[in-house]
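Whole structure, please, built from the sequences with the hints as guidance.
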Amino acid sequence: MEIKNESKPSIRIMTMADFEEVHALWLSIHGFGIRTLDDSKEGIEAFIRRNPTTSMVAVQDHKIIGAILCGHDGRRACLYHVCVHEAYCKRGIGQQMVHACLKALKKEGINKVNLIAFQNNAVGNRFWQELGWQKRDDVNYYEYNLNPQNHTDFVP
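Those letters in the sequence shown? Residues 8 to 163, per the working numbering, in order.
No lab work stands behind these hints, which were simulated from the structure alone. Everything numeric in this text was worked out from a predicted model, so none of it was measured. No false leads were slipped in.
Using 20 Å as the maximum straight-line C-alpha spacing, the simulated EDC-like pairs for lysine to aspartate or glutamate come out as follows:
1. Lys119 - Asp144
2. Lys119 - Glu137
3. Lys114 - Asp80
4. Lys70 - Glu27
5. Lys70 - Glu28
6. Lys113 - Asp80
7. Lys15 - Glu28
8. Lys97 - Asp68
Now the in silico label distances, taken between C-beta atoms and shown as ranges:
9. Thr159 - Asn132: 15 to 25 Å
10. Cys96 - Gly40: 14 to 24 Å
11. Glu93 - Glu137: 11 to 21 Å
12. Lys114 - Phe161: 31 to 41 Å
We put the beta carbon where it would ideally sit given N, CA and C, even for glycine.
Structure representation (structure tokens):
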């Protein structure tokens, strides 16, 4: 599906009113990982309530075409679920959303941002390297799941 419209997307803060459209975007992206509880409506609502000004969406022609969940603990931040609809890729939309998140984090006094990119996500890894993000080889990433019902399902 190629998009012919040349109007520019706007980047704005994500709200809970965006959930259904953002969730549908996630489900449209091949290989995207969705957590059963964390990415539910209730899980995202808790995330947005805790971080009301740092997650972003890209909107074009009244349609959400990109999204980033961005939150912090007061010390460091993390970006989650950074995505742009396939038909809108390679137009700088992801960069604009990342910039908006970083600007919001700086405003809140956050100095460091982390993210996870799966090793087999070549497009994502290239994107972060092109933006100047540093891949860390000096740390190990560990995860402990407190709730076995909160597992990751990948979009086929």
